[in-house]
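Heads up, the sequence shown is in our numbering, so the first residue is 809 and it goes up one at a time.
Where hints are given, some of them may not hold.
The list that follows gives simulated cross-link-like pairs (lysine-lysine, BS3-like), each with its CA atoms no further than 30 Å apart [stated by the list, open to error]:
(1) 916 <-> 854
(2) 893 <-> 916
(3) 893 <-> 854
(4) 995 <-> 854
(5) 861 <-> 893
(6) 916 <-> 861
(7) 916 <-> 995
Everything labelled a hint here was simulated from the structure, so no lab data went into it.
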Amino acid sequence: MSAGLELIVGLGNPGPEYTETRHNVGWWFVDALAEQHGARLGPDSKVFGESGKVSIDALPIRLLKPATFMNASGRSVAAALRYWKIEPDRCLIVHDDLDLAPGVARLKFDGGHGGQNGLRDIVRHLDHAGFHRLRLGIGHPGHRDRVTGWVLGRPGRDDAAAMHQAIDAALAVLPLAVAGNFNEAMKRLHTGGGRESGIGTR
């Protein structure tokens, strides 16, 4: 097992007009995790977002929802890592992924940003990509020109239900990841079904 997690960050955009959009599924995950543990997030100017704390199998975990807008997520993440003295490899970034179908969740470590603007900015601020990611599928509109409206739009009822199922599946394996048993967490999550949409990138 490797070192476990100390910080979980859900990416999204602030403001009620974005709350239910596909791009905010990272926020959905953090909200679901906080609710599961009876925790509340509140404004935290030191980390440019909303923060909170939960305990998962007696291990303390910081939660963060950057309020910097997606394209500037790195400012919040970098500030949080510095302020809380957490190494990037003990951080999990939760984000939407166009190349996965709704209902699919995938864990990974390191790698490129795949055109995801929040990841792009985090990598720019940290000058490396050595952190964990939880990719939550939102599907693809089928054409590059429709991507912006797609990610900033609300999913239909079936897609939204599938996305929430993916969040539940990821929450179920999260204690393994928190403890540093990423291989087992990935094995359980990735063999739970689902498929890649396989269409384009951002």
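Checked hints:
Proximity of residue 916 to residue 854 is assessed by CA-CA distance (about 28 Å); at most 30 Å being required, the pair is judged to hold. Our distance criterion of 30 Å between C-alpha atoms is met by residue 893 and residue 916, whose separation comes to about 23 Å. Taking the CA atoms of residue 893 and residue 854, the gap is about 13 Å. The hint holds against a cut of 30 Å. Restraint check for residue 995 and residue 854: not satisfied, since their Cα atoms lie roughly 36 Å apart, outside the 30 Å limit.
For the hint pairing residue 861 with residue 893, the CA-to-CA distance comes to about 15 Å; that is within 30 Å, so the pair holds. Among the hinted pairs, residue 916 with residue 861 is consistent with the structure: their alpha-carbon atoms are about 23 Å apart, no more than 30 Å. For a cut-off of 30 Å, the pair hint linking residue 916 to residue 995 stands: about 11 Å separates their Cα positions.
The structure fails hint 4 only (numbered hints given earlier).
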